[in-house]
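Build the complex: two chains, separate frames, hints provided.
Same order as they appear, the protein sequences are chains A and B. In terms of this note's numbering, the first sequence has 186 at position 186, counting the first letter as 1, and numbering is strictly consecutive. In terms of this note's numbering, the second sequence has 24 at position 24, counting the first letter as 1, and numbering is strictly consecutive.
Just so you know, these hints were derived from the structure itself, not from any lab. Ideal Cβ positions, reconstructed from N, Cα and C, are used throughout, including at glycine. All clues given are correct.
Partner residues are not named here, just some residues of chain A that face chain B (Cβ under 8 Å, in silico):
hint, residue
1, Met99
2, His100
3, Glu117
4, Gly118
5, Phe125
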Amino acid sequence: MAKATLRKTSKPARKTSRTGVRGASRSQVPASRVPLPASRVPEALLLVGTMKGAFVLRSDKSRKKWKVEGPHFRGEAVYALLHDTRGDRPRTFAATNSMHWGPTLRTSNDNGVTWNEGGPQTVRFPADSGRALAQIWQIAPGRATEPNVFYCGVEPAALFESRDGGESWQPNQGLLNHEHQPKWQPGGGGLCLHTIVLDPDNPRRMLIAMSTGGVYRSDDGGKSWRARNAGVRAQFMPEEQRYPEFGQCVHKVVHHPSRPGRLFLQNHWGLYRSDDWGDNWKDIANGVPSDFGFAMQMHPHDPDTVYIVPIEADVFRATPEAKLRVYRTRDAGASWQPLTKGLPQSGAYENVLRDALTADSFDSAGIYFGTRSGKLYGSRDEGASWTEIADALPPIVCVKTGTARPA
Amino acid sequence: MITVELPNALCSYTEQNPSLVLDEPCETVGDALAALGRRSPGALDRIMDERGDVRRHVNLFVNGENVRFLNGLSTAVPNGATIFVLAAVSGG
Numbered sequence: 001m002a003k004a005t006l007r008k009t010s011k012p013a014r015k016t017s018r019t020g021v022r023g024a025s026r027s028q029v030p031a032s033r034v035p036l037p038a039s040r041v042p043e044a045l046l047l048v049g050t051m052k053g054a055f056v057l058r059s060d061k062s063r064k065k066w067k068v069e070g071p072h073f074r075g076e077a078v079y080a081l082l083h084d085t086r087g088d089r090p091r092t093f094a095a096t097n098s099m100h101w102g103p104t105l106r107t108s109n110d111n112g113v114t115w116n117e118g119g120p121q122t123v124r125f126p127a128d129s130g131r132a133l134a135q136i137w138q139i140a141p142g143r144a145t146e147p148n149v150f151y152c153g154v155e156p157a158a159l160f161e162s163r164d165g166g167e168s169w170q171p172n173q174g175l176l177n178h179e180h181q182p183k184w185q186p187g188g189g190g191l192c193l194h195t196i197v198l199d200p201d202n203p204r205r206m207l208i209a210m211s212t213g214g215v216y217r218s219d220d221g222g223k224s225w226r227a228r229n230a231g232v233r234a235q236f237m238p239e240e241q242r243y244p245e246f247g248q249c250v251h252k253v254v255h256h257p258s259r260p261g262r263l264f265l266q267n268h269w270g271l272y273r274s275d276d277w278g279d280n281w282k283d284i285a286n287g288v289p290s291d292f293g294f295a296m297q298m299h300p301h302d303p304d305t306v307y308i309v310p311i312e313a314d315v316f317r318a319t320p321e322a323k324l325r326v327y328r329t330r331d332a333g334a335s336w337q338p339l340t341k342g343l344p345q346s347g348a349y350e351n352v353l354r355d356a357l358t359a360d361s362f363d364s365a366g367i368y369f370g371t372r373s374g375k376l377y378g379s380r381d382e383g384a385s386w387t388e389i390a391d392a393l394p395p396i397v398c399v400k401t402g403t404a405r406p407a
Numbered sequence: 001m002i003t004v005e006l007p008n009a010l011c012s013y014t015e016q017n018p019s020l021v022l023d024e025p026c027e028t029v030g031d032a033l034a035a036l037g038r039r040s041p042g043a044l045d046r047i048m049d050e051r052g053d054v055r056r057h058v059n060l061f062v063n064g065e066n067v068r069f070l071n072g073l074s075t076a077v078p079n080g081a082t083i084f085v086l087a088a089v090s091g092g
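With the rest of the complex left out, here is chain B (with noise of 0.2 Å):
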């Protein structure tokens, strides 16, 4: 079981749920989030794009480390993990 953590940006492609618990088995974060892409393909769509690169502005992280600096979609999501996603340092 994974929780996937979203920011308020994102409640409105979940019906306002801003924590999701998944239940299917993930291995890595590019599971998880296409298990999240299944449960709700818009708030995958603002994500990541269309070729499936993480936006450049948006950070995930597992259990508290960023996943830039670990291996990417394919770091591993243990169970009972927790991915947050949260909008990067950036603006104007």
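Extracted from the complex, chain A is given alone in its bound form (with noise of 0.2 Å):
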């Protein structure tokens, strides 16, 4: 079950922080981030969903040693999972999905210590649209200046929108009736609107992905999508059709907000970069073992660093070589290097899900991920070492990250 502590010690983290300047140093960081007293030192959040419930681990800064509580939703997949702090007090978000009862949304005002229930289902389709709803994939949170806002991403593909804090949700009828609709198609998780990235400057244009469709792009508020899947390949379509205008199986997309122009994409076979909103992509698998994966994940300060666990096939999802290797980019996919320290290299046929790597927003990064067989691993110094958390959970679909003010 799962572990209290930490089985091994990680090295001290980097002294240099970053700080989103690169070469800032910690004699540069601003007043904002000098200590805090102890009682206001937010504890280390997270929030890990699994195909039989979720789990909440709390950690001081350190980070050293976590705290398992759970699981919560006791037999319910958890795919989603949200910490906001935007607003004046903090909310959690699980989405969560019985086989027997169905997907609903769930709620925390206490950092996941309790969560409510016995409410109606509120994210929901209209009843002209012939759907229901199959699962929540994504809970996001809309921009700074918004803290109301959250997005849902959802199975069948579609995006919903709340302006009340996530009391109640509208379904984007711009994609709920996008021409491109019936001829999306499900992956082999189904057809899932799984990633929702805002531009944080420009309040009319977001971009989504979903599996399989692509990535779409709206640049007036939600009321329009366009395909914007140039240069993405689609690996099942016969050889000729291979680059269609949507169609694709995206499997996750990235963007840190510095740079927000600038995104990555984990394809179903292919690892790309757009440095234009998606409006043409580059293929950026330059030393990757495979090109074909499920995760991937900003680095959280450096928007030239993202991190990737690369998966053998679509038909043996399995880590290449039976090596468990997060592998990583400083240079914005113009190179990427294996990161081992800490993990099992040999005998590792794992898989790590399209939600289930993330990261923290301490100075030092802590970096984490999840198995589709249990295991829980962490690195406190940006991915250079790995320790692991816990080794027999339920199969991890959902790692998020957060931080609370101790109770």
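Given below as structure tokens:
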């Protein structure tokens, strides 16, 4: 079962802080980062969604030892989690899905200690749509200036928006009635809208990705959407049709708010970067053992650094050569290096799903991922070394981070 | 009068009450579920999706008979009947 402490000790975190300005050192850290009194130091949260419930892990800022709570929602799959602190109180969301009783969205106002139960389903398709919610795949916060705005990406592929802190949700009509919609096809996990990227500077621009369907962008506040998949291949199509306008099986797209026009994309075969908000994509699979994979995570402070976990193939969804390796680029995809210290390098037939790789926002970024076999790993030094936090959870499908004031 | 017996999993939607008595007239299973939804919209959402389809892994029994093998939501519910809501065989 889950471990309450780390089994191994990582090397101390790098002493140099990464602040979003490359090369910034601790001496340059702004006044907002001077140490807080102990009573105000936020605790680190790890939210882990599994096929049989959610676990909440808590640690102090050192992130050396984790207290494991759960499972919440016993027996229900939890594919999406979010801890949001933009408003005047923290809000935590969990998208749960019971095999018997269906999907629903639950919330917590006390950092995941207790969860609401018993309300009606708030994320629901209009009666005239002929569709029914199968699963919530993503819960994303709105912009910093709109603390009551949230988005949900769901299956069958659709985008929902809440403007009242998650109390009520409305479907995005532009996507719901998109002319391409009848031709979107489910991938292995279902026809899921799993990625939501907001332009932090332009409130009218946002981007979503679905599997399968590909990337779509709106430049008019969500009224209309254009497919943005130029250069992204659809390996599963006949050779002469491998670069369609839409229909790609995109697995994840990430961006950094300081470079919002730049996007990184992990495809169902293919690793790409765009520097123009998805108008064009170029292959950046430089030095990876496979360009197939699901998970992709942006470094919280460095717009050139991205993490992935390559998977051998669509027909053999396991880490190549039975080695569990996170790959990191620090030059925006020009090269990728394996991160292996503390991870098993033999006999590891693992898979890390699209939302099971994440980062925290501490100065020395913590990187975390969970496997389909229920192992949870963490790094306190941006991936240089890893420790096993838990080794026998149910299959992990989602890992997210947050911070909270200690109780 | 119709009685609806709910599994433990749904009692959080009915203030922990596993047995609801519906006083309004109900001729069919569909009528009874609609009445249940007026009492507890959350419980109904767990039994049926927003299209009005009973979820795939939910079984409804009227006086011991699975309505899937009767007339589904149109199955008649005589006065005094009990509807059992049960999780079907599935899992993983």
